[in-house]
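Here the structure of chain S is known, so what remains is to put chain V in place on it, guided by the hints.
2 protein chains.
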Amino acid sequence: MSTLLKIDTCFSPYLYPIYADTESIVVVIDVFRATSAICVAFAHGAEKIIPVATLEEALQYQKQGFLAGAERDAVKIEGFDFGNSPYDYMSPHIKGKTIALTTTNGTQAIEAARHAHKVVIGSFLNIDVLCQWLVNQNRNILLLCSGWKNKFNIEDSLFAGAVTHQLLKSNHSYALGDGCLAMKYLYEIGKEKPTKFFNHSTHKERFAKLHLKKDIRYCLVPNSAPVVPILNGSYLVNAL
Amino acid sequence: MSTLLKIDTCFSPYLYPIYADTESIVVVIDVFRATSAICVAFAHGAEKIIPVATLEEALQYQKQGFLAGAERDAVKIEGFDFGNSPYDYMSPHIKGKTIALTTTNGTQAIEAARHAHKVVIGSFLNIDVLCQWLVNQNRNILLLCSGWKNKFNIEDSLFAGAVTHQLLKSNHSYALGDGCLAMKYLYEIGKEKPTKFFNHSTHKERFAKLHLKKDIRYCLVPNSAPVVPILNGSYLVNAL
Numbered sequence: 000m001s002t003l004l005k006i007d008t009c010f011s012p013y014l015y016p017i018y019a020d021t022e023s024i025v026v027v028i029d030v031f032r033a034t035s036a037i038c039v040a041f042a043h044g045a046e047k048i049i050p051v052a053t054l055e056e057a058l059q060y061q062k063q064g065f066l067a068g069a070e071r072d073a074v075k076i077e078g079f080d081f082g083n084s085p086y087d088y089m090s091p092h093i094k095g096k097t098i099a100l101t102t103t104n105g106t107q108a109i110e111a112a113r114h115a116h117k118v119v120i121g122s123f124l125n126i127d128v129l130c131q132w133l134v135n136q137n138r139n140i141l142l143l144c145s146g147w148k149n150k151f152n153i154e155d156s157l158f159a160g161a162v163t164h165q166l167l168k169s170n171h172s173y174a175l176g177d178g179c180l181a182m183k184y185l186y187e188i189g190k191e192k193p194t195k196f197f198n199h200s201t202h203k204e205r206f207a208k209l210h211l212k213k214d215i216r217y218c219l220v221p222n223s224a225p226v227v228p229i230l231n232g233s234y235l236v237n238a239l
Numbered sequence: 000m001s002t003l004l005k006i007d008t009c010f011s012p013y014l015y016p017i018y019a020d021t022e023s024i025v026v027v028i029d030v031f032r033a034t035s036a037i038c039v040a041f042a043h044g045a046e047k048i049i050p051v052a053t054l055e056e057a058l059q060y061q062k063q064g065f066l067a068g069a070e071r072d073a074v075k076i077e078g079f080d081f082g083n084s085p086y087d088y089m090s091p092h093i094k095g096k097t098i099a100l101t102t103t104n105g106t107q108a109i110e111a112a113r114h115a116h117k118v119v120i121g122s123f124l125n126i127d128v129l130c131q132w133l134v135n136q137n138r139n140i141l142l143l144c145s146g147w148k149n150k151f152n153i154e155d156s157l158f159a160g161a162v163t164h165q166l167l168k169s170n171h172s173y174a175l176g177d178g179c180l181a182m183k184y185l186y187e188i189g190k191e192k193p194t195k196f197f198n199h200s201t202h203k204e205r206f207a208k209l210h211l212k213k214d215i216r217y218c219l220v221p222n223s224a225p226v227v228p229i230l231n232g233s234y235l236v237n238a239l
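These protein sequence lines map, in sequence, to chains S and V.
At position 49 of the first sequence (counting the first as 1) the number is 48 in numbering that gives the first Met the number 0, and the numbers step up by one without a gap.
At position 94 of the second sequence (counting the first as 1) the number is 93 in numbering that gives the first Met the number 0, and the numbers step up by one without a gap.
Excised from the complex, chain S in its bound form (with noise of 0.2 angstroms):
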C-alpha cells in the first residue's frame, strides 16, 4: 500500500492564498485556452516560455527580440506575434525559441502559484502524459483553475475533474478534496460528450462574435501536445 496523497481543487487564482502549501505540486489549468496553447507550443518545439503578468512585460521581451504573445479579454494584442489561440502556435517558426506570454488568467494563475514547490501547466492536450508523471512525483497535487477573472468556470473544474478521474486510476492512494470530488462526478457524467456543459457555460458569452469555436473543440480534444510544461525559475520548459 503506498502512502495516501492528497488531491485539491482550487477554482479560482484569487483563492490561491487559502489552499497554498509549500508541499503541494500546482497543476495551472486554463483550459480556453492560455494552457493549451503553450502546451502547443512545446509540442512544437518552443525552448521557453516566460509568462509575464502585464502587457508592458511582454512588449520589453519584444523589444529584446523575443517572440511574444498576449491576450486579453479573448482578443489577440494588436503589436504582438501572438494570442493565445493553440493555432497561433502551430509554425515551425518556434522551434527552440523563447516566448514572452501574457494573458487574462493564465498567466495569472501561474504568477499566483510561483512560489509552490512545482508548478505545472495542464490542458486536454497534454492529461495523460501529465497524470503519468504527476504519479511518478509521489506528491500532494493542488489542481489551480484560473477560471474567468476570479470567477468560476466550467472548462476548467471539468479538467481538474479529468484529472481526479484519470489520477484515481493509478497505483497511488488519493484522499480528495471537496473540489475533487464534485468535479470528478461531474466530469464522469460528461465525459461522453463534454459539450453538454459548453453548449450552456458562459464562455459562450464571453467569447461571443469571436469566432471561437474551432479553437474551443480544439482545446478539448485530449493528448495532441503530449508536453509536461513546468515552471523553472522565471520561465517554463517541457519537463520532458
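Be a bit skeptical, because a hint or two may be false.
Since the list can't tell identical chains apart, any single copy or any two copies may satisfy a pair.
[Said to hold, decoys possible] In silico DSS-like pairs for lysine-lysine, Cα to Cα no more than 27 angstroms straight-line:
| # | residue 1 | residue 2 |
| --- | --- | --- |
| 1 | Lys75 | Lys212 |
| 2 | Lys75 | Lys94 |
| 3 | Lys192 | Lys168 |
| 4 | Lys190 | Lys96 |
| 5 | Lys5 | Lys212 |
| 6 | Lys195 | Lys5 |
| 7 | Lys212 | Lys148 |
| 8 | Lys190 | Lys62 |
| 9 | Lys190 | Lys148 |
| 10 | Lys117 | Lys148 |
| 11 | Lys168 | Lys195 |
| 12 | Lys117 | Lys213 |
| 13 | Lys213 | Lys148 |
| 14 | Lys62 | Lys212 |
| 15 | Lys148 | Lys75 |
| 16 | Lys195 | Lys117 |
In case anyone wonders, no lab produced these hints; they're calculated from the structure.
Below, chain V alone, put in the same frame as chain S:
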C-alpha cells in the same frame, strides 16, 4: 416573457468581493450547520438572530441578557447557551427571544455580504419557501456558499445546485453562471441519494468523532423549517 435574470454561485466568502454587486439578493448557505440552525430557531419562534463574527461579541450580548450561540470547528463553545446544532434550537424557550450567534463559517459569510441589496439565509430546511420568495423578488441572485474555512465544500455547493434546479422550474428565465450550471448538474445526479456524495466528502474528516450523524441527516431533509431569515441592519428576522 419575463426579464432574463441572473443566478450565480460563489463558493467561498473569501471570493465574495469578486462576485459582489449592489443589485443582487445574496443567499448565505452553511448547510452543516449554521444556516440550518438559524432556520430551526426562527421556525421555533425566535424573534431576532444577531450574527456576530467573534466569540467576544457573542459574550458581550450574553452579558447583556441575550441568549447566545457559539461554535468553532464544529464544537459548541463552553459557557454559551447553544452551539450550531439545529437540535439546540428546538426549545420552546427561544420563542420571542433574541439570540446572538457566532460560527466558524456561516456568520462570517453573512458578515462578508452585509452590504448586499438583501441577504437571506438558505438551507434544505427552508428550500421551498426560500425559492418561492426569491422568485417573487424578481431580481438577480447570488448563492454564497460558506464553505469550510474559505475552501469549497460539497454540501453548500450541492444546495446551490438544488436552488438553481428549483428556480429553473419557475416562470422566470434565469441565465446561469458556470458555478450554478455545474452544481445544478451535480445536484440532479445526486438528488435521489445525496449521501452518495457525503460519504466521501471532507465533512467526514471535519466532523470525525463528534457524533454529528444525526445532525447531518436532519440538515438534508427538505422543508422542516419554512421560514425566510433576512438581514435587517444588524440582525436577522423572519421575512414571512
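The hints, checked one at a time:
1. Lys75 - Lys212: within (16 angstroms within a copy, 53 angstroms between copies)
2. Lys75 - Lys94: Answer is within; shortest intra-copy Cα gap is 21 angstroms, inter-copy 62 angstroms.
3. Lys192 - Lys168: both (21 angstroms within a copy, 24 angstroms between copies)
4. Lys190 - Lys96: neither (36 angstroms within a copy, 52 angstroms between copies)
5. Lys5 - Lys212: Result: close only across copies, 25 angstroms inter versus 35 angstroms intra.
6. Lys195 - Lys5: between (29 angstroms within a copy, 20 angstroms between copies)
7. Lys212 - Lys148: within (21 angstroms within a copy, 39 angstroms between copies)
8. Lys190 - Lys62: Answer is neither; intra-copy 44 angstroms and inter-copy 57 angstroms both fail.
9. Lys190 - Lys148: within (26 angstroms within a copy, 31 angstroms between copies)
10. Lys117 - Lys148: both (24 angstroms within a copy, 25 angstroms between copies)
11. Lys168 - Lys195: So Lys168 and Lys195 pass the 27 angstroms test inside a copy (24 angstroms) and across (20 angstroms) alike.
12. Lys117 - Lys213: Neither. Shortest intra-copy (32 angstroms) and inter-copy (42 angstroms) distances fail the 27 angstroms Cα cut-off.
13. Lys213 - Lys148: Within one copy only: 23 angstroms inside, 40 angstroms across.
14. Lys62 - Lys212: neither (33 angstroms within a copy, 63 angstroms between copies)
15. Lys148 - Lys75: Within one copy, since 17 angstroms is at most 27 angstroms while 38 angstroms is not.
16. Lys195 - Lys117: Answer is neither: 33 angstroms inside a copy and 34 angstroms across each miss the 27 angstroms cutoff.
Going through the hint list in order, the structure does not satisfy hints 4, 8, 12, 14, 16.
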